[in-house]
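Just so you know, the sequences run in chain order U and V.
Read in order, the letters of the first sequence correspond to residues 1 to 470 in the UniProt record's numbering.
Read in order, the letters of the second sequence correspond to residues 1 to 470 in the UniProt record's numbering.
No wet-lab data here; the hints were simulated from the structure.
Since we're looking at a predicted model, the values are computed, not measured.
Note that the Cβ used here is the ideal one computed from N, Cα and C, for glycine as well.
Careful, some of the hints might be misleading.
As the list claims (entries may be wrong) - Facing chain V, a subset of chain U residues (Cβ under 10 Å, in silico):
1) Val5
2) Ala6
3) Ala7
4) His99
5) Gly163
6) Leu193
7) Met230
8) Arg234
9) Leu246
10) Asp297
11) Asp332
12) Pro333
13) Ile369
14) Arg370
15) Gly373
16) Phe385
As the list claims (entries may be wrong) - To list a few chain U residues with every Cβ distance to chain V over 10 Å, as calculated:
17) Arg135
18) Asp167
19) Lys374
There are 2 protein chains.
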Amino acid sequence: MQPNVAAAKAALAHIEQDENPATIRAKSRDFFWYSPVLKEAMDHLEADFVVNPKSEAEVIEVLRVCYAHDVPVTTRGAGTGNYGQAMPMRGGCVMHLRHMAAVKEVHPGRVICEPGILLKDLDAYCKEHSGQEIRMFSSTWATATIGGFIAGGSGGVGSVHWGSLRDLGNIIRLRVVTMEAEPRVLEFRGEELARVSHAYGTNGIITELEMPLAPAYDWVEIFVAMKDFMAATRFTDALANQDGILLKLASVYEAPAPYDYFTRVKPHIEADDTLIGLMVAPHSMDGFLTFLGRHPDARMIYRSDANDWPRTPGPVFEYGWNHTTLRALKVDPSITYLQVRYGFPEHLALIEKMRDALSPEVLQHLEAIRMEGKIAFAGLSLVKFTTKERLDEIVRMHEEAGALIFNPHRYTLEEGGRQSADQRQLDFKREADPKGLLNPGKMVSWDTPDFDYSEMYRYPAMTPKPEAAE
Amino acid sequence: MQPNVAAAKAALAHIEQDENPATIRAKSRDFFWYSPVLKEAMDHLEADFVVNPKSEAEVIEVLRVCYAHDVPVTTRGAGTGNYGQAMPMRGGCVMHLRHMAAVKEVHPGRVICEPGILLKDLDAYCKEHSGQEIRMFSSTWATATIGGFIAGGSGGVGSVHWGSLRDLGNIIRLRVVTMEAEPRVLEFRGEELARVSHAYGTNGIITELEMPLAPAYDWVEIFVAMKDFMAATRFTDALANQDGILLKLASVYEAPAPYDYFTRVKPHIEADDTLIGLMVAPHSMDGFLTFLGRHPDARMIYRSDANDWPRTPGPVFEYGWNHTTLRALKVDPSITYLQVRYGFPEHLALIEKMRDALSPEVLQHLEAIRMEGKIAFAGLSLVKFTTKERLDEIVRMHEEAGALIFNPHRYTLEEGGRQSADQRQLDFKREADPKGLLNPGKMVSWDTPDFDYSEMYRYPAMTPKPEAAE
Numbered sequence: 001m002q003p004n005v006a007a008a009k010a011a012l013a014h015i016e017q018d019e020n021p022a023t024i025r026a027k028s029r030d031f032f033w034y035s036p037v038l039k040e041a042m043d044h045l046e047a048d049f050v051v052n053p054k055s056e057a058e059v060i061e062v063l064r065v066c067y068a069h070d071v072p073v074t075t076r077g078a079g080t081g082n083y084g085q086a087m088p089m090r091g092g093c094v095m096h097l098r099h100m101a102a103v104k105e106v107h108p109g110r111v112i113c114e115p116g117i118l119l120k121d122l123d124a125y126c127k128e129h130s131g132q133e134i135r136m137f138s139s140t141w142a143t144a145t146i147g148g149f150i151a152g153g154s155g156g157v158g159s160v161h162w163g164s165l166r167d168l169g170n171i172i173r174l175r176v177v178t179m180e181a182e183p184r185v186l187e188f189r190g191e192e193l194a195r196v197s198h199a200y201g202t203n204g205i206i207t208e209l210e211m212p213l214a215p216a217y218d219w220v221e222i223f224v225a226m227k228d229f230m231a232a233t234r235f236t237d238a239l240a241n242q243d244g245i246l247l248k249l250a251s252v253y254e255a256p257a258p259y260d261y262f263t264r265v266k267p268h269i270e271a272d273d274t275l276i277g278l279m280v281a282p283h284s285m286d287g288f289l290t291f292l293g294r295h296p297d298a299r300m301i302y303r304s305d306a307n308d309w310p311r312t313p314g315p316v317f318e319y320g321w322n323h324t325t326l327r328a329l330k331v332d333p334s335i336t337y338l339q340v341r342y343g344f345p346e347h348l349a350l351i352e353k354m355r356d357a358l359s360p361e362v363l364q365h366l367e368a369i370r371m372e373g374k375i376a377f378a379g380l381s382l383v384k385f386t387t388k389e390r391l392d393e394i395v396r397m398h399e400e401a402g403a404l405i406f407n408p409h410r411y412t413l414e415e416g417g418r419q420s421a422d423q424r425q426l427d428f429k430r431e432a433d434p435k436g437l438l439n440p441g442k443m444v445s446w447d448t449p450d451f452d453y454s455e456m457y458r459y460p461a462m463t464p465k466p467e468a469a470e
Numbered sequence: 001m002q003p004n005v006a007a008a009k010a011a012l013a014h015i016e017q018d019e020n021p022a023t024i025r026a027k028s029r030d031f032f033w034y035s036p037v038l039k040e041a042m043d044h045l046e047a048d049f050v051v052n053p054k055s056e057a058e059v060i061e062v063l064r065v066c067y068a069h070d071v072p073v074t075t076r077g078a079g080t081g082n083y084g085q086a087m088p089m090r091g092g093c094v095m096h097l098r099h100m101a102a103v104k105e106v107h108p109g110r111v112i113c114e115p116g117i118l119l120k121d122l123d124a125y126c127k128e129h130s131g132q133e134i135r136m137f138s139s140t141w142a143t144a145t146i147g148g149f150i151a152g153g154s155g156g157v158g159s160v161h162w163g164s165l166r167d168l169g170n171i172i173r174l175r176v177v178t179m180e181a182e183p184r185v186l187e188f189r190g191e192e193l194a195r196v197s198h199a200y201g202t203n204g205i206i207t208e209l210e211m212p213l214a215p216a217y218d219w220v221e222i223f224v225a226m227k228d229f230m231a232a233t234r235f236t237d238a239l240a241n242q243d244g245i246l247l248k249l250a251s252v253y254e255a256p257a258p259y260d261y262f263t264r265v266k267p268h269i270e271a272d273d274t275l276i277g278l279m280v281a282p283h284s285m286d287g288f289l290t291f292l293g294r295h296p297d298a299r300m301i302y303r304s305d306a307n308d309w310p311r312t313p314g315p316v317f318e319y320g321w322n323h324t325t326l327r328a329l330k331v332d333p334s335i336t337y338l339q340v341r342y343g344f345p346e347h348l349a350l351i352e353k354m355r356d357a358l359s360p361e362v363l364q365h366l367e368a369i370r371m372e373g374k375i376a377f378a379g380l381s382l383v384k385f386t387t388k389e390r391l392d393e394i395v396r397m398h399e400e401a402g403a404l405i406f407n408p409h410r411y412t413l414e415e416g417g418r419q420s421a422d423q424r425q426l427d428f429k430r431e432a433d434p435k436g437l438l439n440p441g442k443m444v445s446w447d448t449p450d451f452d453y454s455e456m457y458r459y460p461a462m463t464p465k466p467e468a469a470e
C-alpha cells in the first residue's frame, strides 16, 4: 500500500512537528557517516515529516495515525548511533522522543524513567537524589538518550564491571507501544526484554524504562602511557582482573593513534606511546597506585583530581568507545573502524595476531569488558579506509582468525550483530508491527528471510538516490 | 627472660581488667574447637590476665608495660576465629579491643573506624549514614569485630563480588602500634598492608582501619534445592558469572548435609537435596528469576522477601562460610572441616574429582568467590573425623589432586596459609616486636626458621598441658 504521508501529517497537526527543511534534514540523520560505506548508501535519506510527542498518549496517536495511512515510523533519541539505526529508509515519519524525558521514580539500585532523557541528565538526577548513577553508558553520555542507548546500543563505559546491556539484570523492565490499528501498551521483563532491546525500534516503541543503578562516585580519570602495546594490553587486562579495584573504564589505544588524534594529550606523550584510559573509584586509588607501582614501564601522565595540565583533556571516557573514532575522523577523514569481539581466553593472543597482521593499516583500540564473567576486550579498531573491498577483506581476516565482527558498515540488525535472524525479535515484529512500518529495512529476516549474508544486504524498498531516480 | 606477669598486671591496674576466673578463661578462648586437632592441643591455654583498653593510648601503654616486663600479648576482637588465632600460647596478657568501637568518618565508598566494632554495628552505622556497607564480612557478622576479621580472616560474604581481603583495594589503610620499649604508631597503605593484615596480631596491633564500602541493599536471601550436586555447582558457577546479576553470597551444600544439619530448612527439603544459598540484590531479582527459569531442575524453596515458612531460617549467610561447620557440629560432634581452594579454570573438575573420591566421608560445602578476576570456589568441606592420620591423608589427597589446602587444624600462619614463610610479615615482626612477645607461637618462621612442614608444627614454648606438667 502507498503511504499517505500528507494525510498522516495533517492528522497529527496537534502534535509538535518540525517544519524547517534544514531541521527536518538534521533530525533525519544519525552518525551513520562514521562509515564510508553507510555514508554512500544513506546520505540522501530524509523523513517526510518529524514529530516530537510529549507523552505516551501522543506516541500512541502517532503510531495509530501512521498505521492507518501506511506511513513508516522511524524512532530515535538523539541520533548518535553509528549503524544508521535511526535513518528513515523509506522516508515517512521520524519520531523524536526528546520531549519524553521525565524521571518517574528512583529507588536503591533502580530508576524508572522515560526514554528521551539524556544519559547525562539521568545520571545527574540519580546522583542528586541518592548518590546513584546508571551502570553503563555510551561515550555520547552528554548528548545521547537512555532510550536510544537501549534500542541501539550494546554496552559502554561501565561494561568493564557490569558486562553488556544484553546480560540478565542490566535492564529491568521496558514498556513498549505496538504499531497496530489500535496500538497496545506492553510491559516486558526477563526473557521478554530480548524482543525489543537492541531492536532499533523495529518492533515497538519504548515509552518507559526501569534500569538498575550503581553507586555514583567521583571517578578519578586517568591516562597511563606505555611504550609497548602488548605490555599495555596485558597491564589493562590484569588491572581489570583486580577484584578489589573498582573501575568504570579501561581502554587501550595503540600508538601512534593517541599522538596523532588526541590533540590535548599530544603535548604529554610521544608518537610511540600506547595510551591507557581509566576511570577508577576514588576509594580504589590506593589499590590502583599500588598496582601501578608494580609496573615500572607504565607512566601515569594524567589524573583528573591532581594534575598540572594547562588545558584539561575533558572527560577521559570521551576518548573511549566510539569517541575514539570520532576524534580520529576529525584529524583524518579517511579513518573508519570495526567492532571486534576478542573473547576470553584467547583475547590477548587474538589481539596480538590481528595487530601483527594489520598494524598500522588497522590500529588497535580496545575496551576491557566483562563477557560471561570474564574480562575480555571489545575492539573498536581504527581502520585506514581505502576501498570497500579491502574493508571486507579486513573483516574476513578477523572472522577467519576467530574474532567476531559486529560490522558497523551495515545498517541491518543482523549484519551489525551475529549475521543471523533473531527469532524473538522477528516473532514479536509479526505481532507488534503487522504492516512492517516500524523502522523499515533494518531487519533482514523480515524483508528477505532467505538472505544468505554473503554480501551486504540492500533493502529493496529503500528510497532511491536522487541520481538513480533521474 | 622470664615474664613478670604480676608486675605488668599491677602496672596496668588503671586499665579495665577482668578478674573473674570464668571470664578470664572465656576471654582466652576462640573457636579453635572446630578442629579436634586444635582442641586437643590448645584446650588448656589461658591468659594470666585480660585487659580491655579503651583507646590507642591505652593500647600503647599495655604494649609498653608488657614489653618492659617480658609478658606476651595476644590481641583479639570477639575471638570467633577457627585457627586458634587468638589463643595465648604462653599465657600472659590477652588484650580485648571490644571497647575501641568508634566509627570516625564515613565517605562515599569508605569508612574509618576502630578495630573493636562489630561487623554488624559497623554496617548498621554506614547504612544509616549513607546507604553503605562493608564489601565483605565473615558469617560471624553478628558477633565478630572488623579488626579481628582483618587480622585473622581472609574473605567471606561478599567475596563472590569483591574477591578476598588480600586483593588490592579491599583494605585501604591500617594504623598499627608496635611492641617496643617505646611503641611506635605507623600507618600502612598499599604494599605495606600485607605486613600486618592476616598476621594474627603477631607483629603489630591495629588501632584504626580505613575500609572500602559498597552500597547497602536489602539483599534478598534465597535457598534453591537441586537433586544433582554437580548440576547445582554448575548452576552456582554460571549464576556467579552473570555480570548483570549482583550477588553477595553463593554457597553450595552437598546432600545430605542440608537435611541433616540445617534443622529449620529440613522440613522443606529431602535428604537427597543439594542446597544453594544466595544473597541477591533486590534490583537483580528479575534477572535472577529469569536465570532460574532456564533451569527447570532448580527449585527456589525460600526467599526472604516472600515465603510461607512458619519459622524463619534466619539470615541465609549464617548457613554459609564457617557457620556451616558450626551447624554440622551441633548435630554431629564428630564433624570437622577443611578449607580448600578450587581455582579457575579447573575448579569444577577438581570439585567433582574430590567428591567422587571422598563423599560421603567428606561432604562438599562450596562458596563461590572471585579469584584474580575469575569466579572459582572456596571449599569448606565437612569432614567426618576419625583419626588425625586419616585427616592428614585427606589433606594429602587434596594437595596431590591440585586443590590447595589452608589447613584449619594448624595454629600457625604458615600452616594455615601456603606452607611457607611470609617474608614481609617476618621482616616487620623483627622491627615491630623485637622480643617476640606478640601472639607468640603463631609464626613458624620466627621461632623455627628451618621448619620443613612435613608434619604439624608444635611451638616449643607453648604452656604445657596440666597432665604433662604433672
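Checked hints:
no., hint, result
1, Val5, "40 Å, violated"
2, Ala6, "44 Å, violated"
3, Ala7, "42 Å, violated"
4, His99, "28 Å, violated"
5, Gly163, "3 Å, holds"
6, Leu193, "8 Å, holds"
7, Met230, "19 Å, violated"
8, Arg234, "13 Å, violated"
9, Leu246, "7 Å, holds"
10, Asp297, "18 Å, violated"
11, Asp332, "35 Å, violated"
12, Pro333, "37 Å, violated"
13, Ile369, "9 Å, holds"
14, Arg370, "4 Å, holds"
15, Gly373, "3 Å, holds"
16, Phe385, "34 Å, violated"
17, Arg135, "8 Å, violated"
18, Asp167, "4 Å, violated"
19, Lys374, "6 Å, violated"
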